[in-house]
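Engineer: Letter by letter, the chains look like this.
Number of protein chains: 2
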Amino acid sequence: MNKLSPSFTYRRSEALFKRAKNVIPNGIPGHFNPASQLPMGTYPFYVDRAKGSRFWDVDGNEYIDYMCAYGPMILGYNNEVVEQAVREQLTKADTCTLASPVMVDLAELLVDFVPWADWATFAKNGADATNMAVLIARTHTGRRKLIAIEGGYHGTSPWMQAKTRAGIDKGDHHDVIRIPWNNLPALQATLLAHEGEIAAFISSPYHHPVYEDNVLPDPSYWEGVHRLLREHNVLSICDDVRAGFRLSMEGSPAYFGYTPDLSCYCKAIANGYPIAAVVGHSELNDAATSVFQTGSFWFSAGPMAAALACLKELRRLEAPTRILETGAALWSGLQSISADAGFELVVSGIPSMAYLRTEHDAGPRFHQSLCGECARRGLFLTSHHNLFVSAAHTEGDLAQSFEIFEDALKATKAQFKVE
Amino acid sequence: MNKLSPSFTYRRSEALFKRAKNVIPNGIPGHFNPASQLPMGTYPFYVDRAKGSRFWDVDGNEYIDYMCAYGPMILGYNNEVVEQAVREQLTKADTCTLASPVMVDLAELLVDFVPWADWATFAKNGADATNMAVLIARTHTGRRKLIAIEGGYHGTSPWMQAKTRAGIDKGDHHDVIRIPWNNLPALQATLLAHEGEIAAFISSPYHHPVYEDNVLPDPSYWEGVHRLLREHNVLSICDDVRAGFRLSMEGSPAYFGYTPDLSCYCKAIANGYPIAAVVGHSELNDAATSVFQTGSFWFSAGPMAAALACLKELRRLEAPTRILETGAALWSGLQSISADAGFELVVSGIPSMAYLRTEHDAGPRFHQSLCGECARRGLFLTSHHNLFVSAAHTEGDLAQSFEIFEDALKATKAQFKVE
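Heads up: the sequence lines are chains A and B, in that order.
When we follow my numbering, the leftmost residue of the first sequence carries the number 1, and every step to the right adds one.
When we follow my numbering, the leftmost residue of the second sequence carries the number 1, and every step to the right adds one.
Everything labelled a hint here was simulated from the structure, so no lab data went into it.
The structure presented is a predicted model; accordingly, all values stated were derived computationally and were not measured.
Each hint should be verified, as a subset may be incorrect.
Where chains are identical, the list cannot tell them apart; a pair therefore holds if satisfied intra-copy or between any two copies.
[What the hints assert, rightly or not] In silico BS3-like cross-links for lysine-lysine, where the CA-CA straight-line distance does not exceed 25 Å:
1. Lys145 x Lys163
2. Lys51 x Lys145
3. Lys170 x Lys145
4. Lys170 x Lys413
5. Lys21 x Lys312
6. Lys18 x Lys312
7. Lys312 x Lys51
8. Lys21 x Lys51
9. Lys21 x Lys145
10. Lys170 x Lys417
11. Lys51 x Lys413
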């Protein structure tokens, strides 16, 4: 089959989606909103199977996947090392009345990896981790308010959703003050205006909103942030849910040269198995002990065995370095192809988790169509979210990606009648 | 080995716990708080393996388990039907960029089981489901406030935690009004006092607090509740996270003869695999579509395959009837043994998920010691939480449980110097 022909059809995806709309609000909820996968008819909706860097949709179409399940699949799909560890744990115990010893092993490993962390505790969702970190910060400081970054995402808890979202109102945001990214004067002014009221500053290690270019910290930003936070006795919470282990095995703060008080992990921690973690330093151990957080499956040992195996494998492969290099080669290749075709492909964020945007008079529509044309040829990108590189992506994947991208770009040019 | 001798030792549990305290706040967080497993030295802390109705701790001690992982293990540990379904799904796809077809199958099955439900949507924690139901109710009604039951538990989100918990303050409870269970006048007065402000009444189908006797609805309670809710255009959210599929495959509201607007499921839905669900009627489909809720692993197909297999197997076994019968035989047996020994064992709640308490001058300490003596002999009960019966519990398990209970009761009598 010629991968370059835009020959993909989605009959089975569409039939399933039709059934889904009868029994699931929006058909497909959450991340992958069919209505936002523009233009319609260019994306598959359901996966049949996945392996390594690729998945096959229910119509049998094959894709090189740079979404990696929106982050979790850092070693690639169905990684044998992780799967073997899970299988072994499941023959013993998974969800049980008691915890399994692997919980202790995993906490020890995280404390070993993250140099400043003295303890770890576990949950399921990224938002479980950010919510827990906030409760710990509130308990430790006896204060309520948080400073967060405008456009920063820390899960779908009401206090972190945009005010315009359904069911959310200003009451949910009463304790959250938003300031712009990379803006020390705004941070200082807010700390002064709310002296004694702020429990924590919560932020991702760099700014990765959706629908917008991602922005790295200015060289002196994090040093300045922590000088101000120390002056005002305010805690620093790193939301490393998305970027965690994509920059450094010591956590992203180490990469950017700072030390938070609490860090939150989730997506890439267990190569797709559901687990989240909060790590913190010893001064916060008492607060973390007194906070009550639990969930129905938080003792499940399978995902903990997955995390233990995944983290060890990431270290063995020096995965952060590897995916930063793979990403750098991938994006610069796509940029060259774009430049040759007369377009600027703007790449922002970090190479292992970049955000792409094509400069075009038609606005985001051109880039949306380009991503759609890529999907129809077997290169899976979304247009509005950062993309993810895994340790399973090979030079062969990159070469094929370049070939598809070039063809998709030609088709998009023709569509937008660019000479 | 004589199961009746209180010969269990916990050397490996204690060694692991010592390591855990160095790297995990509280050593073991959440449900199973070692400090609350009184008296100390009578409970194991870590499981090695689990199968059917039993688990084996890391010291090799064997237990008949009536906690069932605090609810999820409704078919028993390591159930072959569920495990086979998960294994098959995992060879195809689990957490992926796209959803798997099993998500549609599962939604169709839930809508089929729950007679009044027109749609289903999925998450990970019970609290994800209750939070989502609340957002849907707020969106649909355009109102903010909730009525909940005093002592009712709907997860560890700040708005539902007790005001006395660490990190929580009255600001978190601003929109929640608590009323006593089984109290229609209190409901009516609250609805009148907050006319036009209440989005929903959220409650479990019967009252199952911790550290307290559980209470069933009065015969006309739910009918009265819904008459009042209709009068005031307030939605009814059933938190069936704990009791779901322990009374009826149609959901607990059907068992008690009422129809809510939204129901939340989690624990027993997938025999231990992490998934939660909200089901609702068609009138709320638009609100459910517009609410934004997502999580890193919400597309994971393994837990959905587990849920599909678990629910079908529960129906095939007529599991709710079966565990209600097993529970009734178990608790009445334990009550007879207690009565013969001169104590009243108070059993409350529903037989598949009962709450036990021994009437004694020493207060809860006697019952705590009794549960501890049971644990040391291989019968795992906690003293402060409702207990769970699974479809894997056999007549043989019950006979052995009676034998252990009788011996533990003798030992406890001796300890409390009862003649």
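Engineer: For each hint, tell me whether it holds in the structure or not.
Structural biologist: Hint-by-hint comparison with the structure:
1. Proximity of Lys145 and Lys163 under a CA criterion of 25 Å is satisfied in both settings, with 17 Å inside one chain copy and 17 Å between copies.
2. In this assembly of identical chains, Lys51 and Lys145 lie within 25 Å of each other by CA distance neither inside one copy nor across copies; the values are 44 Å within and 47 Å between.
3. In this assembly of identical chains, the alpha carbons of Lys170 and Lys145 lie at most 25 Å apart whether taken from the same copy (14 Å) or from different copies (14 Å).
4. When the C-alpha separation of Lys170 and Lys413 is checked against a cutoff of 25 Å, the pair qualifies neither within a copy, at 44 Å, nor between copies, at 58 Å.
5. Proximity of Lys21 and Lys312 under a CA criterion of 25 Å is satisfied inter-copy only: 22 Å between copies versus 41 Å inside one chain copy.
6. Taking the closest pair of Cα atoms, Lys18 and Lys312 come within 25 Å of each other only across two copies (24 Å); inside a single copy the shortest separation is 42 Å, beyond that limit.
7. In this assembly of identical chains, Lys312 and Lys51 lie within 25 Å of each other by CA distance solely inside one copy; the values are 20 Å within and 29 Å between copies.
8. With identical chains, the CA atoms of Lys21 and Lys51 are never at most 25 Å apart, being 28 Å at best within one copy and 38 Å at best between copies.
9. Taking the shortest alpha-carbon separations for Lys21 and Lys145, neither the intra-copy value of 40 Å nor the inter-copy value of 30 Å comes in at or below 25 Å.
10. With identical chains, the CA atoms of Lys170 and Lys417 are never at most 25 Å apart, being 45 Å at best within one copy and 60 Å at best between copies.
11. With identical chains, the CA atoms of Lys51 and Lys413 are never at most 25 Å apart, being 32 Å at best within one copy and 60 Å at best between copies.
Violated hints for the displayed structure, listed by number in ascending order: 2, 4, 8, 9, 10, 11.
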